[in-house]
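*Asks:* Below, each chain spelled out in residue letters.
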Amino acid sequence: MSAETPRTLFDKIWAHHVVDTLPDGTALLYIDRHLVHEVTSPQAFEGLRVAGRPVHRPDATIAVVDHNIATDSSRRTGILDPESRLQVETLEHNVVEFGVPYIPLLDARQGIVHVIGPELGLSLPGTTIVCGDSHTSTHGALGALAFGIGTSEVEHVLATQTLLQKPAKNMRVTVDGKLPLGCTAKDIVLAIIGKIGTAGGTGHVIEFAGEAIRALDMAGRMTVCNMSIEAGARAGMVAPDQTTFDYVKGRPHAPQGEAFDRAVAWWSTLPSDPGAQFDKEVSLRAEDIVPMVTWGTSPEDVAPITALVPDPAQAADETRRAQLQRMIEYMGLTPGQKLTDLKVDVVFIGSCTNSRIEDMRAAAAIAKGRHVAEGVRAMVVPGSGLVKLQAEEEGLDRVFLDAGFEWREAGCSMCLGMNPDKLTPGQRSASTSNRNFEGRQGPGGRTHLLSPAMAAAAALAGHLADVRDWQPLGSA
Amino acid sequence: MKAFTTLTGVAAPLPAANIDTDKIIPARFLKTIARTGLGKHLFANMRFNEDGSEKPDFVLNQPAYRHSEILIAYENFGCGSSREHAPWALLDFGIRCVIAPDFADIFHNNSFKNGILPIRLPREICEKLMEDAKLGGNARLTVDLERSVVVRPNGEEIPFEIDPFRRHCLLNGLDDIGQTMQHKPAIESFEARQRAAQPWLYG
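Chains A and B supply the protein sequences, listed in that same order.
Okay, so the first sequence: first residue is 1154 according to this note's numbering, each after it adds one.
Okay, so the second sequence: first residue is 25 according to this note's numbering, each after it adds one.
It is possible that part of the hints are untrue.
Selected chain B positions facing chain A (Cβ under 7 Å, derived; list incomplete) [what the hints assert, rightly or not]:
| no. | residue |
| --- | --- |
| 1 | 29 |
| 2 | 44 |
| 3 | 69 |
| 4 | 103 |
| 5 | 141 |
| 6 | 209 |
| 7 | 212 |
Since the hints were made in silico from the structure, they are not lab data.
In this text, a Cβ means the ideal position worked out from N, Cα and C, and glycines have one as well.
Okay, chain A solo, but in the shape it has when bound:
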C-alpha cells in the first residue's frame, strides 16, 4: 500500500505494529499492553513454566483480580470460596515468579481490568492492547486497537509480546445527529446491535464515527466500544481527538510534559483519512434512538422501552419462531406484554460496560431524593477503587444509600455469575452489563440490559421503566 492511499484508523495502527509478515500474509503483530486477570491466565503461566520461558516484557504487562472476587466487606478477611481463592493465590504466585506488576485486591487502584487500564493511563491512543477477556474492545475508545484473546494467546503474548494475526476487515458505524433526552451511549450501542445483529461485525474492526459519537465523553465511548464484541466485531474503536487527549493527560502511566506533546502530535495523525475505504458501512440517526432494553437472551433482541414483547406467531420464519418461543419461555414473558410491566427483582449497576464515574453520576441523578421500590435489591458496584473514592468525594454513595441501593466494592460482580453476586433461578434483573445470555448472571436468571439511568429508574419503579418518566427531581 503506498503512503498516498487513504487509510483507516485501524489500518494505521495495524501497520505501525507489524513486526514481520509470514509468507501466507499472517502478520506477527506487536502488542504494547497486556492486561492479565485471575481467570484466563493460570494455564498460560503454567505453559511458560513447563517450557522454561520468561515473560518477555513485564513492564508492558499488568495483572489485577476482578472476575471471581466478592464485592462486599468479606474481601477484607480473605476469599471464602476455595476455588476462587486458589485462582487468586495462583495469580499472586505467578506475578512474583515472573516479575509482573500486580494490583492486589485491597489496593485502592484495584478494579475491573477494562476500567483501570484507561484510568491509569496504561491504555493509550495508537497502541495495541490485549487481555484474556472479550471486553478488551473497551480500550478502543481511546483510539487503540484492543481485542480479547484466549489463554493460548495470553501465553503467546507473555512469551513473545506478539500475536500471529490476519488483518481484520474495516467497518464503519456512523451515528449522526444529537441524542434525545434520556438516551446515552448504552442506548446507542444497543440500537446498533439491534440493527446489525450479534454477528454483524464478525471478522471486522468497527470504527464508530459521526456527530453523536464525537459528542460522547470517554466513558460513553468506552461503553460503545465495550459492546462491539456483542456485535461480533474483533474490536471497536473511536478516532482520538481533543476529548481523548484531555482524558489521557496527567494519568500516571501516560506520557508527561514534552513527551505528551510529542505523543499528541503522533496521535493526531491516526484518524481515518478522508476517502479511506471501509468494507462495510452502517449508519444510524441519533434522533431515532429511544431508551433501549433487551427482552430476550441475545443482545440483538433489544427494543425501545415503549415496545411490547414480540409475538412468535408473527415471526418471519419457522427458525425465528422457535427461537422467539424459547426466549419468551426462558425469560418468563407473555407475547404482547408491555416491557414496562415487567417487575424486576434485582437491579445491577456496574460491569466493564457501565461502572465509571460518569455512569455512577447518571444513575445517582435519577435516584437522588427517591427510594428503591419494595422487594427490589439494587446494587451499585463501582468499576474500580478509584471510581469508588471519586464517587464518595462527590457524595454519590450517600445518594445511593439514602435511596436504598447497596454501595459495594469494585469488581465484575453480577455481570457473569462466577463470584458471590448472582441471580437465583427465575429472578429478573435490570442490568447495566453486556450479556443477557441464558444463565449469564446465574443459572435460570433473567437479564434485561439497559443504561445506568434506565437501571436506576427500574429500581425506583420496581419494574422496567422509561427513564424519561423518571427525570431528576427538581429538573422538570
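Given chain A's structure and the hints, the job is docking chain B onto it.
*Replies:* Here is chain B on its own, set in the frame of chain A:
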C-alpha cells in the same frame, strides 16, 4: 498440541444459532487453574438439572451421542466470552471438530490453538449434515483435513476452505510460540525502533 489429520466419528446435532461460550461452559466452572477436566461441565446448563441429574432430552445425554467427536450447529457458534475453557471443555469431552455456517472470531481462533477443527460450510450444507447427524451411530462422518473434505455417510464429499497456515499447524500439531521465537531478532529490532520513538511505552 495433538495433530489433526483425519477423524471419523459420530456427529451430534445442535440445531441452534448463537450457541455462546456461556452455554458451552458457564462461568461458575471457570474457577480452575488446569486446562483439563472441563468435559464434565460441557453445556452444563443444557445437559444437567440443578440437582446434577442428566436432562435426558439433551443430545449428548442420548446413548448414540455420548461419545460424539463432531458437533453440527448453526450460525455464530461460540459467540460471547473469550474463555478458552470452551474449546478445552469440548476437547476434554472428546469433540475434535465443529461444523457450522460461521463462528465467532475468538472461539474460532481458540479452537485452532487446541487442535479442534472449526469448519465453515454454507447453511444448506449444514442442514444436510444435521440430517446425517440425526441418524446417530448409524451415520458417521469423516473429516479429512489432508484433503480438506467432509465425507457424508452416503459417500458424498464436501470440500471446505481453511487458512493454509492454520491447516499446516493442525496437521503437524505445531505450537505457535516455538515458531514465533524464530522471529526474535525482528521483535527486538521493532522494540529498539519503538523505544526510540515512543519511550513512554517502555519502563
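*Asks:* Does each hint fit the structure? Answer for all of them.
*Replies:* Okay, the hints, checked on the actual structure:
| no. | hint | in the structure |
| --- | --- | --- |
| 1 | 29 | 20 Å, violated |
| 2 | 44 | 5 Å, holds |
| 3 | 69 | 5 Å, holds |
| 4 | 103 | 6 Å, holds |
| 5 | 141 | 15 Å, violated |
| 6 | 209 | 10 Å, violated |
| 7 | 212 | 10 Å, violated |
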